[in-house]
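Chain by chain, the residues run as shown.
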Amino acid sequence: MNSSRMRGVLKLAAIAMFGLGLGGHASAESVLRVAMTAADIPDYTGAPDQGYEGYRFAGYTLYDALALWDLSNSDKAADIVPGLATSWEIDPQNNKRWIFNLRQGVTYHDGCPWNADSAIWNFKRVMDPTAPQFNARHVGQMGTYVVNIASVDKLDDYKIAINTKAPSSLFPYEMAMYYMISDCAVTAAGNDYNVYMKKPSGTGPYKFDTVVPHERLELVKNDKYWNPARIPKHDRLVLLPMPEASTRAAALLSGQVDFVEAPSPDTIPRLKDAGMQIITVPYPHNWDYMLRVDTPPFNDIRVRQAANYAMNRQDMVDMLQGVAVAADQTLIESQPWYGKPVKYEYDPDKAAALLKEANCSPCKIKVGISTSGSGQMQPLPMNELVKEQLEAVGFQVQLEPMDWNALIGVFLSGAAKSDFDAINFSMAPIDPVQGILKKWMTEYQPPACCNWGFYSNPKLDALGKQALGEFDPAKRNALLTEMNEMAVADAAELYIVHDLNPRALSPKLSGFVQAQSWFQDLTPIVVTP
Amino acid sequence: MWLYALRRIILTIPILFGVTVICFALVQIAPGDPIQNLLSPTASQADAERLRAAYGLDKPLPVQYVIWLGKVLVGDMGMSIANNTPVTGEVLRAFGNTIVIAMIAVVIAFILSTIFGVAAAYRSGGLVDKAITAVAVFGISVPTFWLGVILVILFAVNLSWLPATGMGSGGSKGFDYLSWNDFKFAVMPIIALALPPLGIMTRTTRSSLSEILNQDFVQTLRAKGLTEFEVMVHAVRNIMPAAVAMLGLQLGYLIGGSVLVETVFTWPGTGYLLNKAILTRDIPLLQGTILVLATAFVLINLVVDLAQSLIDPRIKRS
Amino acid sequence: MTDAVANSLATAPVQSAPAARVRSYWGGVWQRLRYDYVTLFCIALIVLIVLSAVFAPWLAPFDPYKSSMANRLRPIGYRQFLLGTDEQGRDMLSRLLYGGRVSLLMGIVPVILATLVGGMFGVVAGYYGRKVNMGIMRTMDIFFAFPSVLLAVAISGSLGGGITNQMLTLTVVLIPPICRVAETATSQVRNMDFVDAARATGASTTSILFTHVLINVMSPVLVYASTLVSISIILASGLSFLGLGVSPPTADWGLMLSTLRQSIYVQPLVSAIPGVAILVTSIAFNLVSDGLRQAMDVKA
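In order, the protein sequence lines correspond to chains A, B and C. Under our numbering, think of the first position of the first sequence as 1, with each following residue one higher. Under our numbering, think of the first position of the second sequence as 1, with each following residue one higher. Under our numbering, think of the first position of the third sequence as 1, with each following residue one higher.
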């Protein structure tokens, strides 16, 4: 073979190999690759772990609940709308009985029909330990949403009645979090969830395709989804766990992923330079110190107020390069129960004076923090700044970092079981139950739930009971607002910032609407190649 | 010789037994509670207790050990608490991923170190020797995780030649070594892994070669008229058994010590699994991973010992 | 990160002749070292590094814990910040100096402790032989079954973070190899003539141990231990990098590398500095231990 022909063959071979190299994965379908902050792939059998990010990517994608969050709007805090139930109302004769009308014509991904029997089967999977489909693991995640359910009755094929133990006007919010999974699929798997995991089935806008444990979860669009407006505008969704912020940034910059959760503030200028879209939107994600109020020093309202006055929140916002916004209370402005709270403006002199008045100078406190974790933002530098600001007015702060799991343990067991005066534990007050009732009512002190600091105010408790029994939304909201304002006036927490939940998107993406919610709707995203 | 082999094999058994005890004990001294990771942010203490009982974590320690050991011996290392999948499958799969880069790294390090060692010993004390020694010292002194981060910034982010993270364009399932699309993910982890063994093996090769070249019989060979090249070949053949043994050892160390590199590159191998298991306090997974890695290390050592004594009966490591 | 720990075992020095004529032996060592410029330079460098860490409170221009949001991630040479600032606005040079205290401590203290403990076990095992030897060495073998990084990560991961836990972890990891070197050296020395001679003159076991055995075993053990310092420093920084070491805001080179990882996009040079510190220190210790080994061991 002469040399020019040889060169020709080599050229051809090079092109062929190059072409082979370029081959690889899906060619004609549009793929959205998402980098999550989760350390692992969330459970996708209907009870997501890894925090609310799990719900976001492995909950509302594959599954629906009776009610769903309206994620189509960036202007107001997301609220609930009909999902697998088209409407619900309280029984006029019995305020402990909710009637839910179920949506007709919906099938699970495996073809199984959605109806009252399926709904009741789904409740049993967490509530009835004797049922064959009972899943102890699901109880851990989903149990809290059905804890108020006494029983469920089938009224007809598309109507169920849920009887609650105590009257709860906010019950539908709990139903927006409880996923319905396919009873046929679980039964076909012999009630073995490990088998079900190989081919999970829900009613959601995405269907399960494949999983590589710890590495990727691939979902494909469900073009038979019951809400045509929410059929995904891309073919495939790939979810990749990337707990390190720098890895996420690197992956986006090198073109490995298209959509990144929570880029670290330091990487944002670089991402912007590279043409990435940085989107921020406030949602109920409050970064705060929960205070232990039944023992000194925080049992004295002056000390609590002093801490709040000591906060120069704008400094924190600047340090975070604008991915947070100052917080005056647990809720965000666009939430209906925000009210007109007392504002703790930055006033270090007032703070110092209050401490002296309360006879706590220097005021020693021990704070439990985490080194990372879902929703904890950048805990280490942020806590350093809080410590600096508190110490400037007369506190003496000892920070004790631990890993996220350990901190969750401290949170769940309550302030009495630890020696911390405060913990830095971010919360998602997405609804009044989470954001007001479970935080401040005496009956929700640990181990029942989330009133870590043992805050107890009989006036607030009374308002709470009234609110739960008040089924008129306007009146109820007024009561909840009053409760909220009371808690803020009492400086029940150290309010610092609200996370603006930044996301970074590749310029290839369009159509994404960032809702004011922990949960996001990825379905409208269009991926231009 | 067979007696030695038999004795060596039998001695390994109590060692393995001791390894299981240590594996079990290690994870028990850990604070933190894996159950918390499974619970919803608003779950109660009662839910936690129920879940704990379901995983058998409420029994006394020695009982847990015996139960665990019994299951391990039949290949069942329990279920990972974090995602409810069998530990055995997880660890073996991750092990396969680590072996890939560990073996390639070690082989590359071996080839390069032999070349470097020869070049350095050839003109001992010369410029080439000094340069090679510098590279070798760099290799053993550099913190590989730091180097890994720098490589990522350089080649992935700035130049976009190589991907920043992960294993394969479709994940580790179906990873195709022969396809550049997949293999390019392995390039930087391999470089980072290969440096320390490169440094170590270069130094060892160089010093053993120097030693041999200074011995009397080499003068004899030269006097007999062999060229420098042939003398060198002779010397290299002489050190080969020890060098190959070193290769086996380095492989063992890389397999056991890949945690830092794998963390930086998110390479889903046993090191990464180990890190994750520690962070999530996933006790069964942690135990299983440590056990498999330690066992692999012991077995590789065993094979290396036996192979060495086969090649050169004079060598008997204590 | 690989296992230079047991690697260095394979090339550990062995006494080729009894050091009965101790003075002229050390004299010989000094003679050889005098002309080894590289080693001398590295010894000076180490002294410099150690001194700067010891005198950090006087040398550091700023408080290493004082953060300043206005001055985050400044480049090298910005105003008075000679080496720039980190992600919390703290002076990098001061952090480096104070970090050196922790990192050097992590490198040296575990080696010293392991030398004392491991050396003692090794000498006892080597001297008494038989059952005692079996007992001690077999236990060590079990620890040898773990590659050092794995063992370090596993113990650290279990115990949790913190300086004391980390030191404990590293000590435990380093004891077996030192024990083995000590045992090998001791069993060799034990069988030498002068020990029998000493026994024949009726000297007690303890005095034999101290005067003859220890002196001869000391040099290979010490030389070997010096090779472990750089390994210990890297292991410690690796553990801190993984979050298993000291906790923030303590300054420590490994931890600084980890927290600066995000900032590498904003200030790449400043973010790389702690790694350079580890690298330089590590190289220095390696070269010094090489030089010592060459000077003390007649075989190169």
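It is possible that part of the hints are untrue.
[As the list claims (entries may be wrong)] Capping the alpha-carbon separation at 25 angstroms, the derived lysine-lysine pairs in PhoX-like fashion look like this:
| hint | chain 1 | residue 1 | chain 2 | residue 2 |
| --- | --- | --- | --- | --- |
| 1 | A | K366 | A | K350 |
| 2 | A | K221 | A | K459 |
| 3 | A | K159 | A | K221 |
| 4 | A | K417 | A | K165 |
| 5 | C | K131 | A | K387 |
| 6 | A | K199 | B | K184 |
| 7 | C | K66 | A | K366 |
| 8 | A | K159 | A | K124 |
| 9 | B | K173 | A | K198 |
| 10 | A | K96 | A | K465 |
| 11 | A | K96 | A | K76 |
| 12 | A | K96 | A | K199 |
| 13 | A | K124 | A | K221 |
| 14 | B | K184 | A | K508 |
| 15 | A | K199 | A | K159 |
| 16 | A | K340 | A | K350 |
| 17 | C | K131 | A | K364 |
| 18 | A | K221 | A | K340 |
| 19 | A | K199 | A | K221 |
| 20 | A | K356 | A | K366 |
| 21 | A | K417 | B | K173 |
| 22 | A | K340 | A | K364 |
| 23 | A | K221 | B | K59 |
| 24 | A | K356 | A | K343 |
FYI, nobody ran anything at the bench for these hints, they're computed from the structure. All values derive from a computational prediction rather than experimental measurement.
Holds or violated: K340/A and K364/A, Cα atoms, limit 25 angstroms. 32 angstroms, violated
Is the hinted pair K356/A and K343/A satisfied, with a Cα-Cα distance of at most 25 angstroms? With a Cα-Cα distance of about 21 angstroms, the restraint between K356/A and K343/A holds, given a limit of 25 angstroms.
Given the hinted pair K221/A and K459/A, is their Cα-Cα distance within 25 angstroms? 50 angstroms, violated
Holds or violated: are the alpha carbons of K221/A and K340/A at most 25 angstroms from each other? 44 angstroms, violated
Restraint status (C-alpha distance of K131/C to K364/A at most 25 angstroms): 57 angstroms, violated
For a C-alpha distance cap of 25 angstroms, please report whether K159/A and K221/A respect it. 29 angstroms, violated
Are the Cα positions of K131/C and K387/A separated by 25 angstroms at most? Since the Cα atoms of K131/C and K387/A sit roughly 58 angstroms apart, the hinted pair is violated (cutoff 25 angstroms).
Quick one, are K184/B and K508/A close enough, alpha carbons at most 25 angstroms? Holds, at roughly 24 angstroms.
Between K199/A and K184/B, does the CA-CA distance stay at or below 25 angstroms? 31 angstroms, violated
Need the status of pair K159/A, K124/A: alpha-carbon distance at most 25 angstroms? 17 angstroms, holds
Straight-line alpha-carbon gap K96/A to K199/A, limit 25 angstroms: 37 angstroms, violated
Given hint K76/A paired with K96/A - CA-CA distance at most 25 angstroms: 30 angstroms, violated
Hints 2, 3, 4, 5, 6, 11, 12, 13, 15, 17, 18, 21, 22 and 23 from the earlier list are contradicted by this structure; the remaining hints agree with it.
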